[in-house]
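Given chain A, work out where chain B should sit, using these hints.
Residue numbers (my numbering), protein chains in the order written: chain A, 1211 to 1673; chain B, 1211 to 1673.
Don't read these hints as lab results, they were simulated from the structure.
Don't take each hint at face value.
Identical copies go unnamed one by one, so any copy, or any two together, can satisfy a pair.
Said to hold, decoys possible - With a straight-line Cα cutoff of 30 Å, these simulated DSS-like cross-link-like pairs (lysine-lysine) come out:
1. Lys1616 / Lys1424
2. Lys1424 / Lys1620
3. Lys1479 / Lys1306
4. Lys1616 / Lys1575
5. Lys1664 / Lys1424
6. Lys1431 / Lys1620
7. Lys1479 / Lys1639
2 protein chains.
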Amino acid sequence: MYNPVQDADIAYFQSFIPSDRLFCRDDIVDDYFHDELSGTQHAPELLIFAASTGEVSRIMQYAYAHSIPVTTRGSGTGLVGAAVAVKGGILLCTAKMNQILELDPENLTVTVQPGVLLMELAEYVESHQLFYPPDPGEKSATIGGNISTNAGGMRAVRYGVTRDYVRALTVVLASGEVVQLGGKVVKNSSGYSLLNLMIGSEGTLGIITEAVLKLLPLPEKTISLLVPFETMEAALAAVPLIARSGTNPTAIEYMSRDTILFAEDYLGKQFPDTAYDAYLLLTFDGNSLSEIEQNYSRAADICIENGAIDAYFIDTDERKKSVWDARGAFLEAIKASTDEMDECDVVVPRSRIADFITYTHALAKELDIRIPSFGHAGDGNLHIYICRDGLDDATWQQKLSTAFEKMYAKSAAFGGQVSGEHGIGYAKKPYLHEHLGTVQMDLMRGIKAAFDPKYILNPEKIV
Amino acid sequence: MYNPVQDADIAYFQSFIPSDRLFCRDDIVDDYFHDELSGTQHAPELLIFAASTGEVSRIMQYAYAHSIPVTTRGSGTGLVGAAVAVKGGILLCTAKMNQILELDPENLTVTVQPGVLLMELAEYVESHQLFYPPDPGEKSATIGGNISTNAGGMRAVRYGVTRDYVRALTVVLASGEVVQLGGKVVKNSSGYSLLNLMIGSEGTLGIITEAVLKLLPLPEKTISLLVPFETMEAALAAVPLIARSGTNPTAIEYMSRDTILFAEDYLGKQFPDTAYDAYLLLTFDGNSLSEIEQNYSRAADICIENGAIDAYFIDTDERKKSVWDARGAFLEAIKASTDEMDECDVVVPRSRIADFITYTHALAKELDIRIPSFGHAGDGNLHIYICRDGLDDATWQQKLSTAFEKMYAKSAAFGGQVSGEHGIGYAKKPYLHEHLGTVQMDLMRGIKAAFDPKYILNPEKIV
Chain A
1211 MYNPVQDADI AYFQSFIPSD RLFCRDDIVD DYFHDELSGT QHAPELLIFA ASTGEVSRIM
1271 QYAYAHSIPV TTRGSGTGLV GAAVAVKGGI LLCTAKMNQI LELDPENLTV TVQPGVLLME
1331 LAEYVESHQL FYPPDPGEKS ATIGGNISTN AGGMRAVRYG VTRDYVRALT VVLASGEVVQ
1391 LGGKVVKNSS GYSLLNLMIG SEGTLGIITE AVLKLLPLPE KTISLLVPFE TMEAALAAVP
1451 LIARSGTNPT AIEYMSRDTI LFAEDYLGKQ FPDTAYDAYL LLTFDGNSLS EIEQNYSRAA
1511 DICIENGAID AYFIDTDERK KSVWDARGAF LEAIKASTDE MDECDVVVPR SRIADFITYT
1571 HALAKELDIR IPSFGHAGDG NLHIYICRDG LDDATWQQKL STAFEKMYAK SAAFGGQVSG
1631 EHGIGYAKKP YLHEHLGTVQ MDLMRGIKAA FDPKYILNPE KIV
Chain B
1211 MYNPVQDADI AYFQSFIPSD RLFCRDDIVD DYFHDELSGT QHAPELLIFA ASTGEVSRIM
1271 QYAYAHSIPV TTRGSGTGLV GAAVAVKGGI LLCTAKMNQI LELDPENLTV TVQPGVLLME
1331 LAEYVESHQL FYPPDPGEKS ATIGGNISTN AGGMRAVRYG VTRDYVRALT VVLASGEVVQ
1391 LGGKVVKNSS GYSLLNLMIG SEGTLGIITE AVLKLLPLPE KTISLLVPFE TMEAALAAVP
1451 LIARSGTNPT AIEYMSRDTI LFAEDYLGKQ FPDTAYDAYL LLTFDGNSLS EIEQNYSRAA
1511 DICIENGAID AYFIDTDERK KSVWDARGAF LEAIKASTDE MDECDVVVPR SRIADFITYT
1571 HALAKELDIR IPSFGHAGDG NLHIYICRDG LDDATWQQKL STAFEKMYAK SAAFGGQVSG
1631 EHGIGYAKKP YLHEHLGTVQ MDLMRGIKAA FDPKYILNPE KIV
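Same shape as in the complex, but just chain A (with noise of 0.2 Å):
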């Protein structure tokens, strides 16, 4: 079905791609054979550091005519093994291609290459008084990455995902041809939402090459409150009471006593308060801290009213800086503190959550493996974490796909879905099909045949 790459095939790309940006083979350093959890692994034939639109464009030309693989990656820091080649073939890195091209701010927007790193976005916006919503953890992870999976992360609560930002995209399809989905406008009900079905489509439709970002306005103001509770269920019992409180928190993150050791282990930094098992942590942002002290005095009451223990202000730099590490930490610190690990990123519905995690509280007496987690409390998605802890590897095999399944399972009967942001790639795929059934998967096969009739855009991944 496919071909391998040929030494023709290789002389072909060289005559339009500098050496300094196209690797063979052996010389291709084993980074690039799986991503930020190692569970997926293959090495490419060739590897490709794209820079153009046009390129891309004569690559796919090329590769669709002598049926190529084709895998693109951002900066690797996927946990599904998306960015996999798989198949072998060409793995086409567009992390070079990261020019933030134009802001535009009558129409408030940015355009950037795929390969712009959140961080740096965040930092450019920023400086123009302008405001990137979406906030996932991994801060290094680039933006095409970022719509290819829908990254969800922190401000999801109040500002949505990846795919409520993205107002247009250049895409490359497998034939070469380009194409321009969506545009600098607010509203469109223009025909299918292609721009809708390529955001979150892992690669397999096409290959992001530009992006039009919608932005707000930059809030001049922002707190975090840090609320202990005794229990975890009491804690995530106030949750849905603050999401319909009206007070419009920017994010409610969930983290257990024992995830924020392993953060102050790893960071070797204390944690403002590590006395309870539980806590919450509110943001609220805004033009003032008058405009918004309403909201998060009134989020405080509904906590303490609800059980918690207090409800620390977090407002100087230090303070939200000790707090915010932490958490962006979590997922080192839990890989830190084991010799492998997988992950599971369900997402329930935000009055599930509690349940949920009891569930694998239990899941972990039973299977007598360590399953630690943490959340995204205010949407429902969880990160939770299968611990290896030396286990030999059948052992670890066998117990890791019984987590999996009966967590999968729970979740399904929860009305929650495999995925809440780090997408399917190739290590959640019996999952969603599981979850989905053969009628979904069978639309799903249907329109990756349309985009990508000779399977070659980042194969095995998704469908």
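The following block gives chain B in isolation, referenced to the frame of chain A:
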């Protein structure tokens, strides 16, 4: 390709659909031959008022097996012929599936059947102190129709469009299979977004039989500012300044004196002020006057600093009603001012609205026809009406098509799209195809074929 409805087919449907929900051929009143703008006309062979998902599934299984086209209709308030059975067959009306099934305050969702009217939905959720933000002018539209066109409305500036408030859909596919897309979850990165593909697909990919909608807490205070300017250009030049000011308006509507006078005539009611050529109508909402007063004061200042004559504070229910009643009556008022009209619903980047309106003024002069307009200035979405004003048929058709061709070409040149919120349906198909080109239309046809290989769902629409 399609089979006509035969007596045996009718007998089959009569076997499970009572006679008060099933109408054949000459028994179908001609209200069901067209939508709100009657340019597109065709009689269905059978009109069925569906009662349940199961029944719709049974109808589709039969229609699929017998290659009978099925066009879905809500309350028929569309403007582009999307709900007209242009190939005959079955017109499936979901207007009687009008139950509100569940309010979930913990997850802030409401579950509805597709025939619930916008005004019923608003009244219901607001009686529970909750808020469904999308606010299209036509309140007697069904929610199913709103989802099918991705309707926008007044509050899109702050809150976004219908797409942003659909959490889940129950959909009957062409084959009669029933799928659940999405869920009561806030984030979702679980494969291609079939949910977002279904939204805005105007009944061509499936029949929506249930929807879970996202709600917000109801803002306790809403105020409006009516801001007169000497000229349209001055009014619209203020819009991007307001948008990026961080004052967070809910709505920014533009209205010209002409249009206001039509509405005064039509309603027989006085508008608060008609002394100037151009007006902006701004709305702000929040939990209290104190929370929003900094914002609306600053927005008023920005207007005054940029040429506004004044900024009238619209706070009493009576004044609010007078202003918003007029705004809501614009379409009907223009319609009443002429014998026939057709509309153009382009959306352009916010920065180009004034240029576009200037262009329509020049075009009206050039073609010697009347082209009144009004618009959602804050989101670049204009509603432009070409009035027949007694022209003979040949002249009217010729001027209408010239006007459309020129306006859509100008919109494209400004980076705009064919439809901001009214959809493509039947009437706007040539302009969509012209605008998007073969590659994108082929992708859409591929999607259509994956969902509806026999092309029986709402044939001749969009693709």
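Going down the list of hints, with the structure as the test:
no.	hint	in the structure
1	Lys1616 / Lys1424	between (39 Å within a copy, 29 Å between copies)
2	Lys1424 / Lys1620	between (36 Å within a copy, 23 Å between copies)
3	Lys1479 / Lys1306	neither (34 Å within a copy, 62 Å between copies)
4	Lys1616 / Lys1575	within (13 Å within a copy, 69 Å between copies)
5	Lys1664 / Lys1424	neither (34 Å within a copy, 38 Å between copies)
6	Lys1431 / Lys1620	neither (40 Å within a copy, 41 Å between copies)
7	Lys1479 / Lys1639	neither (38 Å within a copy, 61 Å between copies)
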